[in-house]
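Asker: Chains as they are written, first to last, in the working numbering: chain H, 1 to 142; chain W, 143 to 284; chain B, 285 to 426; chain X, 427 to 568.
These are computed hints drawn from the structure, not numbers from a lab. Small disclaimer: the values here were computed from a predicted structure and weren't measured. No residue lacks a Cβ here, since even glycine has one placed at the ideal position from N, Cα and C. Please note that a few of the clues may not be correct.
Unchecked claim - One-sided and incomplete, this derived list gives chain X residues near chain W with beta-carbon spacing under 7 Å:
id, residue
1, W444
2, T447
3, D448
4, A449
5, G451
Stated by the list, open to error - Far from chain H by the CB rule (all over 12 Å, computed), these chain W residues:
id, residue
6, D223
7, D234
8, L235
9, R271
10, Q284
The residues making up each chain are set out below.
4 protein chains.
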Amino acid sequence: MSEAPAPSPHTHPIRVYWEDTDAGGIVYHASHVRFFERGRTELLRAMGVHQSATVDRSEETALLFTVRRMEIDYLKPAFLDDLLAVETSVQDLGGSRVTLLQRLTRGEDLVAEAVVTVVAVGGNGRPKRLPPDLRARFVALQ
Amino acid sequence: MSEAPAPSPHTHPIRVYWEDTDAGGIVYHASHVRFFERGRTELLRAMGVHQSATVDRSEETALLFTVRRMEIDYLKPAFLDDLLAVETSVQDLGGSRVTLLQRLTRGEDLVAEAVVTVVAVGGNGRPKRLPPDLRARFVALQ
Amino acid sequence: MSEAPAPSPHTHPIRVYWEDTDAGGIVYHASHVRFFERGRTELLRAMGVHQSATVDRSEETALLFTVRRMEIDYLKPAFLDDLLAVETSVQDLGGSRVTLLQRLTRGEDLVAEAVVTVVAVGGNGRPKRLPPDLRARFVALQ
Amino acid sequence: MSEAPAPSPHTHPIRVYWEDTDAGGIVYHASHVRFFERGRTELLRAMGVHQSATVDRSEETALLFTVRRMEIDYLKPAFLDDLLAVETSVQDLGGSRVTLLQRLTRGEDLVAEAVVTVVAVGGNGRPKRLPPDLRARFVALQ
Chain H
1 MSEAPAPSPH
11 THPIRVYWED
21 TDAGGIVYHA
31 SHVRFFERGR
41 TELLRAMGVH
51 QSATVDRSEE
61 TALLFTVRRM
71 EIDYLKPAFL
81 DDLLAVETSV
91 QDLGGSRVTL
101 LQRLTRGEDL
111 VAEAVVTVVA
121 VGGNGRPKRL
131 PPDLRARFVA
141 LQ
Chain W
143 MSEAPAPSPH
153 THPIRVYWED
163 TDAGGIVYHA
173 SHVRFFERGR
183 TELLRAMGVH
193 QSATVDRSEE
203 TALLFTVRRM
213 EIDYLKPAFL
223 DDLLAVETSV
233 QDLGGSRVTL
243 LQRLTRGEDL
253 VAEAVVTVVA
263 VGGNGRPKRL
273 PPDLRARFVA
283 LQ
Chain B
285 MSEAPAPSPH
295 THPIRVYWED
305 TDAGGIVYHA
315 SHVRFFERGR
325 TELLRAMGVH
335 QSATVDRSEE
345 TALLFTVRRM
355 EIDYLKPAFL
365 DDLLAVETSV
375 QDLGGSRVTL
385 LQRLTRGEDL
395 VAEAVVTVVA
405 VGGNGRPKRL
415 PPDLRARFVA
425 LQ
Chain X
427 MSEAPAPSPH
437 THPIRVYWED
447 TDAGGIVYHA
457 SHVRFFERGR
467 TELLRAMGVH
477 QSATVDRSEE
487 TALLFTVRRM
497 EIDYLKPAFL
507 DDLLAVETSV
517 QDLGGSRVTL
527 LQRLTRGEDL
537 VAEAVVTVVA
547 VGGNGRPKRL
557 PPDLRARFVA
567 LQ
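Please model the entire structure based on the sequences and the hints provided.
Answerer: Here's what the structure looks like:
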């Protein structure tokens with residue numbers, strides 16, 4: 001049993017704009033999906049993965065993360081001008097598969113929670129093993 | 143055991159435009175969420191529920207459907223210009239809660255599959271029992 | 285002076301969904317931009333141009349239309365569930381440049397009007413003369 | 427002739443995410459429209475206008491800014507991961523009307539330029555004179 005404290009999740013702030021809301025007066029439920037994706041992108045950036053560099057499918061180095069499955073629980077509405085945060089941590093790690101736990105918060109409120117499974121794919125669109133250095137960084141977030 | 147045939151799911155066509163794609167060359171994963179919502183809206187319209195009329199929160203008749211939970215499996219990529227279809231059927235029905243099974247297809251291909259739980263809420267944002275006539279229409283789709 | 289009647293503009297229907305609205309209770313002003321783009325895409329499709337086929341930048345046949353300038357006047361608000369139409373006609377035609385006049389209508393109401401200049405570009409991103417057969421189809425819409 | 431230096435425009439940073447791009451590999455042209463709106467929202471916030479507070483249409487204090495006209499020139503493509511900035515300054519000021527000049531930049535590059543006319547409206551949707559203190563703040567940005 002590890003006595004090490006759980007690592008802090010990666011956190012990224014999100015401001016709610018008009019574009020994110022709908023005529024019900026709250027944040028539209030597909031906007032949360034965009035917010036979670038920004039959190040994953042910023043996590044990757046913090047790990048040194050610049051997706052604009054790895055999107056090139058003709059390169060040996062091509063590496064993209066494709067969403068395979070997503071579960072989202074919507075717990076509280078969010079509103080125009082809210083300052084939210086996306087917290088991302090690693091729940092499970094396979095050869096080419098990473099399952100992330102993501103929480104969208106507003107201060108103490110939990111707005112939504114997501115479990116998102118992404119798969120690393122290469123230039124041909126097929127699953128690709130995570131490079132060891134990247135895997136090590138995901139392990140550190142578990 | 144019922145010998146009645148399963149009812150046909152409600153079906154709504156979706157054309158993929160530039161707005162739905164991303165720099166990976168495929169449909170962005172939050173676009174599927176918008177597509178599924180269009181399918182639910184068209185299902186409600188076919189049932190006689192016009193949400194623009196029921197959104198008014200000062201009315202006795204206010205009735206909105208809020209998404210509480212969503213599970214999506216992304217099975218195949220979709221592309222610019224694809225003509226897709228959203229099929230929607232009822233998986234489970236509670237007092238104010240409806241769980242829908244939705245499939246996004248391209249011909250024979252299953253592009254994505256979703257289980258979406260929505261809750262009927264009134265003008266105060268609290269859960270509201272489904273009106274009997276509406277409930278009957280959901281039952282017919284089970 | 286030509287006695288020929290003006291050609292009918294190309295028309296494409298647009299249904300307003302939750303995704304298109306904002307917390308002001310009306311259609312968000314960037315949604316009109318997406319609607320106009322759908323109208324242009326459907327115009328091209330009606331002319332036989334399938335952009336999913338011409339997006340491939342490695343092909344000799346690569347042909348994309350890039351928006352260079354857009355003027356939009358917002359005249360009346362549009363609302364959830366509205367059934368709108370995008371009308372598109374050709375205002376001006378250059379070697380590689382097409383200026384389109386687009387109207388977003390709801391029955392007799394003019395919701396918004398746009399003048400959009402697009403430029404045909406090839407696989408290298410540089411302007412490319414319109415192929416003669418495509419030019420002829422644009423001329424017919426003037 | 428004024429010898430006062432031109433005021434610095436209000437500046438707001440924008441990171442480009444997957445959601446902002448399209449299958450052409452660049453930022454989708456309606457995304458710029460969302461970026462410019464974020465710049466205007468942040469300008470208003472810096473002026474002390476919190477739109478989530480002023481959206482309430484039943485209040486005497488209701489004040490919204492509606493887009494009436496927009497001209498955008500698209501000058502250079504933007505790409506995934508780009509760090510852009512929106513600069514906003516006041517070009518013209520009427521009783522209830524404000525015309526803003528907005529520039530979307532990437533370092534030294536001018537990506538797009540917009541002239542956007544917004545109109546202050548009250549709870550009834552009709553134009554409303556700008557309150558004197560807000561007008562004074564817009565004047566300071568001219």
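Asker: All hints, please: hold or fail.
Answerer: These are the hints, each one checked on the structure:
{"no.": "1", "hint": "W444", "in the structure": "5 Å, holds"}
{"no.": "2", "hint": "T447", "in the structure": "4 Å, holds"}
{"no.": "3", "hint": "D448", "in the structure": "5 Å, holds"}
{"no.": "4", "hint": "A449", "in the structure": "4 Å, holds"}
{"no.": "5", "hint": "G451", "in the structure": "5 Å, holds"}
{"no.": "6", "hint": "D223", "in the structure": "19 Å, holds"}
{"no.": "7", "hint": "D234", "in the structure": "16 Å, holds"}
{"no.": "8", "hint": "L235", "in the structure": "19 Å, holds"}
{"no.": "9", "hint": "R271", "in the structure": "20 Å, holds"}
{"no.": "10", "hint": "Q284", "in the structure": "23 Å, holds"}
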